[in-house]
Amino acid sequence: MVQHKTAAMILAAYFVAASLGFPRAASAEDVLPVELIEVASHEVGADLRLTGTLEALDNVALGFGEGGRILDVLATEGDEFTKGEVLARIDPLQLQQALNAAEASLAAATAIEEQARQASERASAMLERGVGTRAARDAARQELSAAETRTRQAKSALDKARRSLDDTRLIAPFDGVVTAKLGEAGQVVGAAQPILSLASDRGIEAVFLTPDAAHLDEAMGKSVALRMLDFEAAPMMARITEIAPLVDTATGSVLIRASVEDAPENLSLLGASVRGTLNLSGETAIEIPWTALNSDGDAPAVWRVGEDGIATLTPVEVERFDNGTVLLSAGLAAGDIVVGDGSQLLFPGRRVVAAEVAP
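Here our numbering is used: the first residue of the sequence shown is 1, the next is one more, and so on.
There may be inaccurate statements among the hints.
[Stated by the list, open to error] Computed cross-link-like contacts, DSBU-like style, restricted to lysine-lysine with a CA-CA straight-line distance of at most 30 Å: (1) K181 x K83; (2) K160 x K181; (3) K160 x K83.
Please keep in mind that the hints were generated in silico from the structure rather than gathered at the bench.
Since the model is a prediction, treat every value here as computed from it, not as a measurement.
Please take these sequences and the hints and turn them into a complete structure.
Structural data, given as structure tokens:
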């Protein structure tokens, strides 16, 4: 009697709930309207952010070929110059004296050579007439050979003295701009000690240091979008021309050089900080929206819909998360149908249908 009474109470409660509009539990036979998405494969790309400076394609530290005291430096930082222009000078007094001595030595050697040649010719003529000896002729020829050697040595010394005197002037090797002044008038400098740092106007390149990254070796020849950091300037494009083959052990970075294709001609941007954006592409991956990503325990998964319209929880492997999307490296194939919005209402075996999109 008690059992019948209890069953009647449960049945009454069921009808009361139905009359009040309470929902009943969903069953596998119920069809759930959801967002259905056909997935497609995309090339996995990554935007690499680079920070560096703008430098001239050709840079040179210019110094005198001979040491001495600087007379004057005719250029300073920021000055533009043309090829062949004199940029600095050192005191030429001692080198001029050395040149004078070399010229005198050559004149003396030339005179001695001429005398030795005349003596050799006389000795040969006397031998032919039978009034000289073969030994005298040979000795005269040896003297001539030695005199010729001394003349060649004197000419070589004179050429060296002339080059040394020419080296008392710093001559611009190309058209460009002075990037640094490293010497002052009155300073005593050694041979090849840098006095001026020069940059050619042949072009500008962006120089970056970046951590090693996957697919970085594929960046050679690719375009880089440049944006100035210190001041407003028009965006520029550059092309990767060099990627260092080794990582710098001191900085842990890889050196990248990119030639700027539309740089201004006045070199006013040299030394400026610049931000570069480089797109690196890799393998293909399946792209799904965030709403389609679920979990199966601790592993990522999606609800994949079969041809019969039944949703099945399918494990996937995540390549990376992007803005609004998730890239998968395994678990789905291009053309598969997955559930987006509404996936939180699913359970295994639930039948789904595409929800109508509001106009």
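Taking the hints in turn, this is what the structure says about them:
Of the supplied pair hints, the one linking K181 and K83 holds, its CA atoms being roughly 18 Å apart against a limit of 30 Å. For the given pair, K160 sits about 28 Å from K181 by alpha-carbon distance, which is consistent with the 30 Å threshold. Taking the CA atoms of K160 and K83, the gap is near 24 Å; set against the 30 Å cutoff, the hint holds.
Comparing the model with each numbered hint stated earlier shows that all of them hold.
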